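Enquirer: One letter stands for each residue in the lines below.
There are 2 protein chains.
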Amino acid sequence: MPAQHGFQDEGRDLLDAYVTHEDAVVIGVDFGTLSGRALVVRVADGTELGSATHEYAHAVLDHTLPSGALLAPDWALQVPEDYREVLRTAVPAAVAAAGIDPAQVIGIATDFTACTMVPTLADGTPLCELEEYADRPHAYVKLWRHHAAQPQADRITALAEARGEAWLPRYGGLISSEWEFAKGLQVFEEDVELYHRMERWVEVADWIVWQLCGSYVRNACTAGYKGILQDGEYPSVDFLEELAPGFGGFVADKVEHPIGQLGDRAGTLTAQAAAWTGLPEGIAVAVGNVDAHVTAPAAQAVEPGQMVAIMGTSTCHVMSSDHLAEVPGMCGVVDGGIVAGSWGYEAGQSGVGDIFGWFVKNGVPAEYAAAADRSGETVHELLTRLASDQEVGEHGLVALDWHSGNRSVLVDHQLSGVVVGQTLATRPEDTYRALLEATAFGTRVIVEAFRDAGVPVHEFIVAGGLAKNPLLMQIYADVLRLPLSVIGSAQGPALGAAIHAAVAAGAYRNVRSAAGQMGRVRPHAYVPDESSSQAYDRLFAEYLELHDHFGRDVAAMRRLKGIRSDAVARRHGDGSGTESRVPAGNQEVSA
Amino acid sequence: MPAQHGFQDEGRDLLDAYVTHEDAVVIGVDFGTLSGRALVVRVADGTELGSATHEYAHAVLDHTLPSGALLAPDWALQVPEDYREVLRTAVPAAVAAAGIDPAQVIGIATDFTACTMVPTLADGTPLCELEEYADRPHAYVKLWRHHAAQPQADRITALAEARGEAWLPRYGGLISSEWEFAKGLQVFEEDVELYHRMERWVEVADWIVWQLCGSYVRNACTAGYKGILQDGEYPSVDFLEELAPGFGGFVADKVEHPIGQLGDRAGTLTAQAAAWTGLPEGIAVAVGNVDAHVTAPAAQAVEPGQMVAIMGTSTCHVMSSDHLAEVPGMCGVVDGGIVAGSWGYEAGQSGVGDIFGWFVKNGVPAEYAAAADRSGETVHELLTRLASDQEVGEHGLVALDWHSGNRSVLVDHQLSGVVVGQTLATRPEDTYRALLEATAFGTRVIVEAFRDAGVPVHEFIVAGGLAKNPLLMQIYADVLRLPLSVIGSAQGPALGAAIHAAVAAGAYRNVRSAAGQMGRVRPHAYVPDESSSQAYDRLFAEYLELHDHFGRDVAAMRRLKGIRSDAVARRHGDGSGTESRVPAGNQEVSA
Numbered sequence: 001m002p003a004q005h006g007f008q009d010e011g012r013d014l015l016d017a018y019v020t021h022e023d024a025v026v027i028g029v030d031f032g033t034l035s036g037r038a039l040v041v042r043v044a045d046g047t048e049l050g051s052a053t054h055e056y057a058h059a060v061l062d063h064t065l066p067s068g069a070l071l072a073p074d075w076a077l078q079v080p081e082d083y084r085e086v087l088r089t090a091v092p093a094a095v096a097a098a099g100i101d102p103a104q105v106i107g108i109a110t111d112f113t114a115c116t117m118v119p120t121l122a123d124g125t126p127l128c129e130l131e132e133y134a135d136r137p138h139a140y141v142k143l144w145r146h147h148a149a150q151p152q153a154d155r156i157t158a159l160a161e162a163r164g165e166a167w168l169p170r171y172g173g174l175i176s177s178e179w180e181f182a183k184g185l186q187v188f189e190e191d192v193e194l195y196h197r198m199e200r201w202v203e204v205a206d207w208i209v210w211q212l213c214g215s216y217v218r219n220a221c222t223a224g225y226k227g228i229l230q231d232g233e234y235p236s237v238d239f240l241e242e243l244a245p246g247f248g249g250f251v252a253d254k255v256e257h258p259i260g261q262l263g264d265r266a267g268t269l270t271a272q273a274a275a276w277t278g279l280p281e282g283i284a285v286a287v288g289n290v291d292a293h294v295t296a297p298a299a300q301a302v303e304p305g306q307m308v309a310i311m312g313t314s315t316c317h318v319m320s321s322d323h324l325a326e327v328p329g330m331c332g333v334v335d336g337g338i339v340a341g342s343w344g345y346e347a348g349q350s351g352v353g354d355i356f357g358w359f360v361k362n363g364v365p366a367e368y369a370a371a372a373d374r375s376g377e378t379v380h381e382l383l384t385r386l387a388s389d390q391e392v393g394e395h396g397l398v399a400l401d402w403h404s405g406n407r408s409v410l411v412d413h414q415l416s417g418v419v420v421g422q423t424l425a426t427r428p429e430d431t432y433r434a435l436l437e438a439t440a441f442g443t444r445v446i447v448e449a450f451r452d453a454g455v456p457v458h459e460f461i462v463a464g465g466l467a468k469n470p471l472l473m474q475i476y477a478d479v480l481r482l483p484l485s486v487i488g489s490a491q492g493p494a495l496g497a498a499i500h501a502a503v504a505a506g507a508y509r510n511v512r513s514a515a516g517q518m519g520r521v522r523p524h525a526y527v528p529d530e531s532s533s534q535a536y537d538r539l540f541a542e543y544l545e546l547h548d549h550f551g552r553d554v555a556a557m558r559r560l561k562g563i564r565s566d567a568v569a570r571r572h573g574d575g576s577g578t579e580s581r582v583p584a585g586n587q588e589v590s591a
Numbered sequence: 001m002p003a004q005h006g007f008q009d010e011g012r013d014l015l016d017a018y019v020t021h022e023d024a025v026v027i028g029v030d031f032g033t034l035s036g037r038a039l040v041v042r043v044a045d046g047t048e049l050g051s052a053t054h055e056y057a058h059a060v061l062d063h064t065l066p067s068g069a070l071l072a073p074d075w076a077l078q079v080p081e082d083y084r085e086v087l088r089t090a091v092p093a094a095v096a097a098a099g100i101d102p103a104q105v106i107g108i109a110t111d112f113t114a115c116t117m118v119p120t121l122a123d124g125t126p127l128c129e130l131e132e133y134a135d136r137p138h139a140y141v142k143l144w145r146h147h148a149a150q151p152q153a154d155r156i157t158a159l160a161e162a163r164g165e166a167w168l169p170r171y172g173g174l175i176s177s178e179w180e181f182a183k184g185l186q187v188f189e190e191d192v193e194l195y196h197r198m199e200r201w202v203e204v205a206d207w208i209v210w211q212l213c214g215s216y217v218r219n220a221c222t223a224g225y226k227g228i229l230q231d232g233e234y235p236s237v238d239f240l241e242e243l244a245p246g247f248g249g250f251v252a253d254k255v256e257h258p259i260g261q262l263g264d265r266a267g268t269l270t271a272q273a274a275a276w277t278g279l280p281e282g283i284a285v286a287v288g289n290v291d292a293h294v295t296a297p298a299a300q301a302v303e304p305g306q307m308v309a310i311m312g313t314s315t316c317h318v319m320s321s322d323h324l325a326e327v328p329g330m331c332g333v334v335d336g337g338i339v340a341g342s343w344g345y346e347a348g349q350s351g352v353g354d355i356f357g358w359f360v361k362n363g364v365p366a367e368y369a370a371a372a373d374r375s376g377e378t379v380h381e382l383l384t385r386l387a388s389d390q391e392v393g394e395h396g397l398v399a400l401d402w403h404s405g406n407r408s409v410l411v412d413h414q415l416s417g418v419v420v421g422q423t424l425a426t427r428p429e430d431t432y433r434a435l436l437e438a439t440a441f442g443t444r445v446i447v448e449a450f451r452d453a454g455v456p457v458h459e460f461i462v463a464g465g466l467a468k469n470p471l472l473m474q475i476y477a478d479v480l481r482l483p484l485s486v487i488g489s490a491q492g493p494a495l496g497a498a499i500h501a502a503v504a505a506g507a508y509r510n511v512r513s514a515a516g517q518m519g520r521v522r523p524h525a526y527v528p529d530e531s532s533s534q535a536y537d538r539l540f541a542e543y544l545e546l547h548d549h550f551g552r553d554v555a556a557m558r559r560l561k562g563i564r565s566d567a568v569a570r571r572h573g574d575g576s577g578t579e580s581r582v583p584a585g586n587q588e589v590s591a
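Quick mapping for you: the protein sequence lines, in order, are chains S and W. Under my numbering, the first residue of the first sequence carries the number 1, and numbering increases by one thereafter. Under my numbering, the first residue of the second sequence carries the number 1, and numbering increases by one thereafter.
These aren't lab readings, by the way, just hints derived from the structure by calculation. A hint or two may mislead.
[Stated by the list, open to error] Chain S regions said to be covered by chain W (calculated; three or more residues, Cβ under 8 Å):
id, region
1, 283 to 295
2, 298 to 310
3, 361 to 372
4, 385 to 395
5, 544 to 557
6, 562 to 569
Predicted model, so just to flag it, every value in this text is computed and none were measured. Note that CB positions come from ideal geometry on N, CA and C, so glycine has one too.
Go ahead and model the full structure; you've got the sequences and the hints to work with.
Expert: Here is the structure:
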């Protein structure tokens, strides 16, 4: 769709650009776990001109609904109106911050957390916005980290295994409780009336695009990674019916919908969305995308062997390849899942920055907070500085980074954290460093699983908020024995979305071309230190032994969660747990 | 020795008293890890009349010598003059606090930490008091928790096993790094010149008595438990020479000495000691004793099946029996080791209150300290209160209480702490409760080892500072499924020492008789709750699995300590470690 907005190809050195204008800009909007960020980007060279953030009013509902109704453990919901508010506030604020004329904007694209699901009517209205469902937990958005569908996920995996379903190896042999089918089955089994009222079971990545352009287009990325769409087919009616009688129509009735490729145009901005955002009606709206996957082109990392790790509260690893392989414990491999025309691999670590944040909030004494105040550092910075002053292994600790479960390679959200080796001399910075290292070891397990499956990783590219911790980055380089590059933007997902907006608007031929012009990376910013790598090899052997013991050999963590559930049920005098009060462990820390 | 001090038997109802006077008092002096406490006790009925405490000026040397010389990891030394200062200050202060006339005092007895060793000349002068040795670490007192002789202990055990030494099973099959032979061998191997200058290798429990009465009498308790004296014999010259050529004379030259039974009189107070203490010259001075063992009579717990746990920074378990058995992993069984005429069993947990204290110091955030301030509680009390408001197992955690190693039943100071099951919802009170429970599970392992060896425990009697935490006590009753009695004195060891002073002074026929009159206990203060016990059975199964995995099946913790030692050596550019800087992990926490 060349020259759609009247821009001319002026013959400059944007090799792949065939529609451009030096003033043309695009908007990328990144919807995270707690906030949405809009970024204004120049199409010609990826310059970031301005941005704005809006925090969701309801954040994450993991304790009560807005009405005060109590939620069970492991629930995590959100409120869709919070996402619309990002369009109404962050987008115009970003345009204002950039100092541009809205008329310069030629396209908008979004990325979202995934798998985050909303039950809607046929017109896209979320069920929680119907007055009669305001008090029904299943009417709300199930955030990616809603982990209460683990029993359903377990049954899906077990049945697929028993039946030898061909799609199972595409997901590392395990289906996550976070994904579309487990969450959908939970709705069916726990609130069947609401399930029947639900006309669409929608990735919020697609729902937000629907809000922008008025059309529901299902993106190839989430449909593949989260929706078990492989080689054009979903799990069969037969499979679903065997899984749960009455559930056989789930795909046909709620899920199936035309697919859009990443970078395609889903439609154009509606009058209503133009009013919300202050952008011109009719500009290109890109097909939905996922925060992690959209970041790969932002880091110019779309070639085979370039693994991108988006490191924030959790880590998502994405890598393109020209061939299909089955990697045990990967999250998925999807044709066109990262860039159209390549196989996109995904793996993940459920908790990374979340774990560090939890430790700083719950495990660091007052004198450290006071010392950080005095030195003008955050507690994270203080602990990082103190931890930097150690030889590898000097703390005597090894930890498992499973406080939020394990996505790859074990795919088990019943797993939990471990620290081994504490003594009366162990200090907070020791444990903090051990937790940093544990996440690096978790990454190495993933990298080695890819290597062993014939999809080797040659370069590790980090994006996300944790890239700014130099100790953490050096630990990763040393542990992985790989050169570590760092994305050149602090707003990788939003930049990646903007790249897709530019492609959807016709400014570049494809995402790979746009990434070459608009992406940003600091190549080999960290390189492994051989003596540290050798010391880490010994610690990694300890990590691996713990990993296999707790992750494969014994079910201790699963039993502990069972003991915990029974205790919660005793507290509330019932055996169900589902609608019972959350356990004390889920409350805010307050003393 | 009736009527030795001119007191008359006035025929009152002190059934076993044959020398008494209603005004007669005795002094018990309890030498702990950080301070000494003197207690004035009425002989007739055990009434505590007054006490005073003196803190050791040098506390524990685990970082530097007084000269500033640096110590290696796992070292823990003390300064003997600090003990004399207790005699000079706490004893007269206790007499003053009691409002008695010193002339009423008919005897004094002491108890001490063990195995705590001092190298001396033949006259009892500690080598560290010779100017030429002031800068030599091996010239100082090696405190019980000096753990740097682990390699020596390992070799002693291995050789005894290989040779089938008959004494080995009396110590649960393992010789501790804390004991006389391991510590002595460390001196021989690391400072042989000083070893040859050392004329006596003395339990400080006996050294302090030597200071009081001018005579060196070796007490039956430490000689048996810590000095490997069994059936009248020490390890042979042949054994010692095979252990380390040149070490064969260790027993004959440094250790062997006449034995005194507990409650016997070692001598009478010298003029010098009378001047220090303000007590009458010539009063009875009892044979030395150990803080844990001396507490059993203070709690009226000297019958078979009554296990006394002295719960403080660590826990020591003592129990009398009328027969000899070999309990795997016990610390020892000694004829007359608790009361003359019975077999005395001892077991121990290396870290208990120490672990709770470490956690409060290193793992509890500022808001808890502030909340405790507001509510007028200590942080321990606040965490206990918050943890009390939980069902058993609700925190989802299980921990290993090995932060200071494991004395019974594994006898391995290379072990370390573990917490399993932490999630992003885990709060400080959850981990705190898990640590409380871990120590109870550790106790259950010990109680079951005694049961399985044919020495069943029928009643569990708690003494020591931790007895005042009702949550902890109830957890122990529930976990052990035993009625739990609590000593009726806050100063059990000092009261127990006073009982021995009364016997040494001839006021009672024996310790059992004196305990009946002077001891104090609240019988069955806590009883098990069946539903809690059932829930704990499930958690205990998890503990046991962890215990056996890390304690028996894999050497991960030992390897982690090896990795740590190598890291410390790298930091200091040497490979020895022995005289190197302590690792960062041993420094004071300061940020």
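Enquirer: Each hint needs a verdict: does it hold in this structure or not?
Expert: Hints, one by one, checked against the model:
1. 283 to 295: The restraint on the region 283 to 295 of chain S is violated, since only 0 of its residues have a Cβ under 8 Å from chain W and three are required.
2. 298 to 310: Our answer is that it is violated, as 0 residues pass the Cβ test (under 8 Å) against chain W, missing three.
3. 361 to 372: holds (count 12)
4. 385 to 395: holds (count 8)
5. 544 to 557: Our answer is that it holds, as 7 residues pass the Cβ test (under 8 Å) against chain W, meeting three.
6. 562 to 569: holds (count 5)
Hint check: violations occur at hints 1, 2; the rest are consistent with the structure.
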